[in-house]
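Participant: The lines below spell out each chain.
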Amino acid sequence: MIRVENICSYYGEFQSLHDVSLEVKAGHTVIIVGSNGAGKTTILKSICGLVHPRSGAVYFEDKRIDQYHAHQLVDLGITMVPEGGRLFPKLTVDDNLKIGAYNKNARIHFHESLEKVHSLFPILKERAKQEAGLLSGGERQMVAIARSLMACPKLIMLDEPSLGLAPKVVSSVFEFIRRLKESNYSVLLVEQNANKALEVADYGYLIESGKLIFEGKKEDFDKNPFIKKAYLGL
Amino acid sequence: MKNIFGSKANILIGLVALAILLIPVFVKSQYVIHIITLIFIWGLIATAWSYMGRFGLVSLGNGAFMGIGAYVSVLLFNNSHLSPWIGMVVGGIAAVIIVGFLGYACFRSGVVGDYFGLVTLALAEVTALAIVALREWTAGELGTSVISLGTTSLWYLQSDQKLLFFYIAFVFMAGGLYLWKIIDDSKMKRALAAIGENETAAAALGINVVKYKMLITMISAFVTAIGGSLYAQYITYINPHTVSGVAISLSIPFKAIIGGMFTMLGPVIGSGIIVILEEFFRIVVGAEFVSISQIIFGVALISLIIFLPKGLYGTLKERRESKIDKQRKRAFREKSME
Amino acid sequence: MALVNGILLGGVLALLGFGMNLMFGVVKIIHMAYGQFVMLGVYLIYTFYTLLHFPLLLSCAVVVLVMAVVGLITQRFIVSPLLSSNRLNQLLALAGLILIVENFALFAWGADYITIQLNLPIIQFGDLFIRTSFLMGFIGALIVLGLLYLFLKKTYVGLAIRSATQDMEMAKLMGIKPASIYYITLALGSALTGVVASFFVPIYAVYPQFGGSFTVSAFIIVVLGGMGNLMGGFISAFIIGIVTSVVAVVTTTEIAQIVVLVLFIAIMIVRPQGLLGEVS
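Sequences listed follow chains A, B and C, in order.
Using this note's numbering, read the first sequence as starting at 501 and increasing by one per residue.
Using this note's numbering, read the second sequence as starting at 155 and increasing by one per residue.
Using this note's numbering, read the third sequence as starting at 145 and increasing by one per residue.
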């Protein structure tokens, strides 16, 4: 569904990605792991249109999208939940959800989406009128994921959703991701917490210094002792 | 190596200066001399602005200092027969005192960036309004003229011969450029560069942020005031909107950045471009339609900003430097492949 | 008495503050020629009403639309090319607009003062004499502000604008097209100058340099209230209106303006982020 082929992305003159290729099949959950600064976020940004790769290509359902702008890709069904969720701090929870459904397609299905989101995350109803900036970390992450669901996406990308959260909350975040998987969304997940991430994933990629150095299913990661030691901390 | 280049540059500068000094020998047109004199004066003022501007201290109110310098020296001369040479120093000191108080208050309470720009803009407007309000002394909106002595006098800086001002303005402008160079080589410059890049970090390193900001602002104000006095003596007529106020204050950074405010010669070149451009449109469109020429001038200014964001000189310099950079990189790559 | 006038004036100034704050919040520009736009608006109303004999209300409505178009043109040719430029360049380019607009007015309508004679009654409330023109402007401004508030709170576009103010990058990820939002903002901000012009018609005589002091007032209102803060702008508009009015009665208009500016500088020094602004 999403195919990334040999992209090289830059921040100014600094080359962040070197010939990275990956694939997310429809309905699959794929993870990208690697240490800090490895370029994981850049990959997500290159897919959702916030960064344009200088070479290589990105395909969404066989349509080439790498030079599209972010707002156009939302219409196609690609959403991203950035690190920390990045809710609009002065808008209420309700308003954040509402703006999540800004694109034309999503607005038509607004009420369905809202119901679905409320059933997935019942606490949103309680906090509906609260200002987003005042929520706790875990609540913010929930709203952020809910907001991306409001856009009726086909692909949901999540950048380090467990970052800075308490262990109990981290578990519930991964529980949501599992639920997303069960609801047949395609998910591309970036995580430092490789262990937990690999448990929900169909496939994984390991990035280091902007280069793809390993890929495979969970068993492949488990079978490789070097990878296990260096990146999974086992 | 460095010394040879040093003296080479000095010789070049000397030749250029000589060439400029000899212009009146070859060019007899009083009009051209007039234009060049104006370029010198504005060049001085624009350079003074860039003393501050290049470090991120963007003042939108240097018209205040120009106005203070102009009015103080003219009024002192008209009323007390004081030589403008002394008058311009008094004006400069007045400007320094005012900016000293304001600057100290601003810098101590962390008024930076946009806010600083708007505070200086407010200062410029206050100055213009004050000049108008003090109409008993300044004749308000009507403006004041320098009382003519009827003869050429160096002491009183008056002459019907443009030539006197040509050379004096040149000397002052050269002085302003030399001051730029002195600042550039000084410890103050490094401190200000650090402050400009990251004020908190600079403070953490022990740099006295307030002191250096005050210093450069006061220098800028002083030189600008002198420029104002010079302008007043040359044009012999001033009013609150030609030497102070918002419009003039905004035109000063314009001149500096159109040339390229991070270079020494940029502001002078920018002044040249703008003065000539304004005159050009005025002539082309004709005197009856001054407003149309100003409209075209405005369009030209906006276009320059859009297409030459680093100014003319700055853009050329940047292109030259990136070309040298590329050559260097290529040479390095070729060498490392051997 | 002066207090009442100040409040009434403050209402109209609040519109200016709103427009400036909106443009700053969304597009992050400081519109250096905002007062000049108002001046243009008044001249245009005069043209439609006095010279072309349109009915007055229609003239005002048309001018609001015309100013919106002027805003779109400004966005297309001046703001858009400079979006990634540094702040000073943006400022100076918009300042260039001052030259163009003022001289256009000079060329089109000459340097003389122009008024539109509307003999409106003066209402008496006990000891207070209130000019209907001031009252109309005040009430009209409050109505418009109310409508704008509803627009921002209740409509999708308004919501999009609010999100864009807070986090433009995330707004893009919601599907909001930045260019559209910028155009809407500039159009709205400029349309507001048409509205203010309409309220100014029965109050002021217009001349080419008329806009200058309003541009400065608009800055002061916006910075005093905290840049981008709509409520702050609202409050400081009234403060400015009252101070100007009261001081002008005691001294002269110039001194009133000086006092406002000095007050502004003083508040900036004490609280650089403005009254309701956030410390960055």
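No wet-lab data here; the hints were simulated from the structure.
This one's a predicted model, so the numbers in the text were calculated from it and none came from an experiment.
Heads up, the beta-carbon is just placed ideally off N, CA and C, and yes, glycines get one too.
Incorrect hints may have been included.
[As the list claims (entries may be wrong)] Calculated pairs, DSS-like style, for lysine-lysine (alpha carbon to alpha carbon, straight line, at most 25 angstroms):
#1 A:723 x A:525
#2 A:590 x A:629
#3 A:598 x A:711
#4 A:525 x A:718
#5 A:616 x A:604
#6 C:321 x A:598
#7 C:297 x A:629
#8 C:297 x A:625
#9 C:298 x A:625
#10 A:668 x A:616
#11 A:668 x A:654
#12 A:625 x C:172
#13 A:625 x A:711
#14 C:298 x A:590
#15 C:172 x A:723
#16 A:681 x A:718
#17 C:172 x A:525
#18 B:471 x B:343
#19 C:321 x A:711
#20 A:590 x C:297
#21 C:298 x A:604
#22 A:711 x A:668
#23 A:629 x C:298
#24 A:604 x C:297
#25 C:321 x A:563
#26 C:298 x A:616
#27 A:696 x A:668
#28 C:172 x A:563
#29 A:654 x C:321
[Stated by the list, open to error] Cβ pair distances, simulated, as ranges:
#30 A:682 x B:479: 46 to 56 angstroms
#31 A:561 x B:479: 11 to 21 angstroms
#32 C:229 x A:527: 43 to 53 angstroms
#33 C:216 x B:164: 14 to 24 angstroms
#34 C:252 x B:302: 30 to 40 angstroms
#35 C:231 x B:440: 29 to 39 angstroms
Participant: Where does the structure disagree with the numbered hints, that is, which hint numbers, in rising order?
Facilitator: Structure breaks hints 3, 11, 12, 13, 15, 17, 19, 22, 28, 31, 33.
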